[in-house]
Amino acid sequence: MSTTVSASIDLGAEGKSAGYLVIGDSTNNSGWANYQVPIIKIKNGVGPTVLILAGNHGDEYEGQFAAREIAQELEAKDVTGRIIVIPCLSQEAAKAATRLWPDGTNFNRIFPGDESGAVHGKLAYYLSSELFPIVDAVLELHSGGRGHYFIPCATMVWARDVKQRAKMMKSMISFNAPHQCILPEQPGTDPKTLLSGMVEHLGKELITTELGGAGIATLETTNLAKDGVRNSLRYLKVIKGDPKTRAELGLPAAICIDLRGSNSYHLASDFGVYENVKGVGDSVAEGEIIGLIHNMDSPNCQPVEIRARQSGVVGLMRGFPRVTPGDVVAVIGKSYSAPDQLPETVA
Amino acid sequence: MSTTVACSFDLSAAGKNKGYLIIGDSTNNSGWANYQVPIISIKNGEGPTVLVLGGNHGDEYEGQIAAATLARKLEVAEVSGRVIIIPCLSQEASRNGDRLWPDGANFNRVFPGNENGAIHGKLAHFMSTELFPICDGVLDMHSGGRSMYFIPGSNMTWVADLAQRQKLLKNMLSWNSDFHMVGGEQIGTNPYSLLNRDAERQGKSVSTGEFGGSGYTTPQSLKVINEGLANFLKAFGVLKAPPITRAEQGRNLATIIDIRDGRGFINAPKAGIYENLVSLGSELAAGDVVGQIHDVDHPDIAPTLVKSPISGVAGVIRGFPPVRTGDCVCVVGVKRAAITEMD
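Line order of the protein sequences matches chains R and B. Just so we're aligned: 176 in my numbering is position 176 of the first sequence, and the numbers increase by one with no gaps anywhere. Just so we're aligned: 1319 in my numbering is position 319 of the second sequence, and the numbers increase by one with no gaps anywhere.
Watch out, some of these pointers could steer you wrong.
Stated by the list, open to error - For lysine to aspartate or glutamate, the following EDC-like pairs were computed, each having C-alpha atoms within a straight-line distance of at most 16 angstroms:
hint, chain 1, residue 1, chain 2, residue 2
1, B, 1018, R, 220
2, R, 95, B, 1327
3, B, 1223, R, 282
4, R, 95, B, 1297
5, R, 163, R, 297
Claimed, not checked - If the Cβ cut is set under 10 angstroms, some of the chain R residues that face chain B in the computed set are:
hint, residue
6, 19
7, 148
8, 214
Said to hold, decoys possible - Okay, the calculated bits of chain B under chain R, using three or more residues with CB under 8 angstroms as the criterion:
hint, stretch
9, 1018 to 1027
10, 1030 to 1042
11, 1091 to 1104
12, 1109 to 1117
13, 1216 to 1225
14, 1258 to 1264
15, 1293 to 1306
Don't read these hints as lab results, they were simulated from the structure. Positions of the beta carbon are idealized from the N, C-alpha and C atoms, including for glycine.
All chains, please: the whole structure from these sequences, using the hints.
Shown next as structure tokens:
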């Protein structure tokens, strides 16, 4: 229960309504201010409740466009149950085209939130304590943001529980993305501080994506987001109509990339301008040059070579070329025809 | 003649030489400082001198990488004449991932420079007074930067002078890209404040291009610029190897996108978050929607549709989605099967 955030609309009422999450705020220019986060609810009869979230990171726009369009186009009669949409969680970051909020906060590292904290902390707390408990499933739409370009894909973290994992695979496949990426638990991160980690911790169904990035949303990546959300909503039985498989849509089979291994991640070893020698979808052999870091301060023009730590397919390449040591420049993993073909563990 | 910028080595010396343009500087942390801009010269025997430039705008990395790659790979024996390379003109902007210098200066609007001005002014003045005069050809490699994404390819301004136009045209086509854009004079801009036009004013053979954008590079965009740059230098006669045409490569004629009609530069009618609803290369009829602007502060306001006033093909789409009123979100031009269709 949050005492610092409330919805301006009744989320339990039948029909479609649009309003705000109203968060108590106080700024140098406005005392007693309301910080308003747009929210749309569409409810019709009995069925599951699905929460669609985008803009967790501000510079990831594909999902924000999809969420807005779907909130706009769906009418109550299309729905069986309830759909709640927050098209942009990190408004301040989205307006500035940054990943983080202006105070440097990563919205995806502050869960379960802080009821009496900053605006983002209050919002996260409201999500954790009021919104997640009333939903059955959460669609959370990410992309690479400015820093990275992800092969447009649906994702999942490899769960230890086999039953849970099988359910996650089905959900992931329902997004109909051309690629699926299997991710490890994020290194150096408490999983429950992530929005997705919090959702899973509460036992809710979760569908996540990485739909491109580099701070540009193209028609192709945005359409993938929109079509994927619609199909997953059908799969979750919250909108009418049967979900379609890629085969039924005449699309080639999806490729699954296993990004769990410790050798998947490739880091910049130096400062400079990073060149993607290999792009997303390219197959690489262990030891092959995948990128070069150019030292633009020197006329010697001898770049630092970044080589593949393992053979596989490039699932993520660098967006913003200016790198500092430790920045992720590529993620590479072995590809499979389906997620259930992956080995139980990887080194 | 510049008294405030000097090259750390002799640009007329034979062989491959590397060093810096040294610009007198003074900062809060360093008095009597040298501001250093890396420069490479590769000279061998007789032939033209070509200046290869990247990073005029800091967030356009394709040209910076292509220029640095050329400087690394080009051997003295391959050259017939001289190739001078400055991989990154606007270092401060490039470091920050910005188009402009930290003080807001657009390096491509400061020509002919200012000998006693800021670093960028001194650099532009040196180029205008010392570097351009010793060159036959000047290449200025751009891309859309963070805000735009261009169909990668070389381009030119449709100048009034016919002899000059022919030179620009020949240069443009020698890049062998699939697309070329031909534009008019830039609106609201003194043409001679631009780097390329300052070089043209001095009678130099100039070539420019826009090789992608959105503040990131891909192997695909770098292939277009790296291969195009090499073929340009061959066609210009500064490399010994012969150039190749698209026809000889078994490729069809390049598509010309004629963006001289100013109406094709589509600006945001309001502020918000812009969504591309066309792909690069999409064919459009007049009145077709190219994108929409979302009002993200409200949950129930339909997006504002942005339409193309003319028929044509989308040559540029928006990168960075937040827009202010008047920001360029799309450029639509008329598709020409051949340059002879231009008038």
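Checked hints:
This hinted pair does not check out: residue 1018 of chain B and residue 220 of chain R have alpha carbons roughly 44 angstroms apart, beyond 16 angstroms. In summary, the hint linking residue 95 of chain R to residue 1327 of chain B is supported, as the alpha carbons are separated by about 15 angstroms, within the 16 angstroms threshold. Our distance criterion of 16 angstroms between C-alpha atoms is met by residue 1223 of chain B and residue 282 of chain R, whose separation comes to about 15 angstroms. Distance restraint check for residue 95 of chain R and residue 1297 of chain B: the Cα-Cα separation of roughly 10 angstroms lies within the 16 angstroms cut-off, and the hinted pair is therefore satisfied.
With a CA separation close to 54 angstroms, the supplied pair residue 163 of chain R and residue 297 of chain R exceeds the 16 angstroms bound. This hint holds: residue 19 of chain R has a C-beta 6 angstroms from the nearest C-beta of chain B, less than the 10 angstroms allowed. With a least beta-carbon distance of about 9 angstroms to chain B, the hint placing residue 148 of chain R at the interface is held under the 10 angstroms criterion. Hint status for residue 214 of chain R relative to chain B: holds, with the closest Cβ pair at about 4 angstroms, below 10 angstroms.
Only when three residues or more bring their CB closer than 8 angstroms to a CB of chain R does the claim for the stretch 1018 to 1027 of chain B stand; here the count is 3, and the claim holds. Remark: the stretch 1030 to 1042 of chain B is confirmed as covered by chain R, as 4 of its residues place a Cβ nearer than 8 angstroms to a Cβ of that chain, reaching the required three. With 5 residues having a Cβ less than 8 angstroms from any Cβ of chain R, the stretch 1091 to 1104 of chain B passes the three-residue criterion, so the hint holds. Residues of the stretch 1109 to 1117 of chain B with a Cβ under 8 angstroms from some Cβ of chain R number 0, which does not satisfy the need for three, so the listed coverage is violated.
With 6 residues bearing a CB less than 8 angstroms from a CB of chain R, the stretch 1216 to 1225 of chain B meets the requirement of three and the coverage assertion stands. Beta-carbon proximity to chain R at under 8 angstroms applies to 0 residues in the stretch 1258 to 1264 of chain B; the threshold of 3 is not reached and the given coverage is violated. Restraint check on the stretch 1293 to 1306 of chain B versus chain R: 8 residues with Cβ-Cβ distances below 8 angstroms, three needed, restraint holds.
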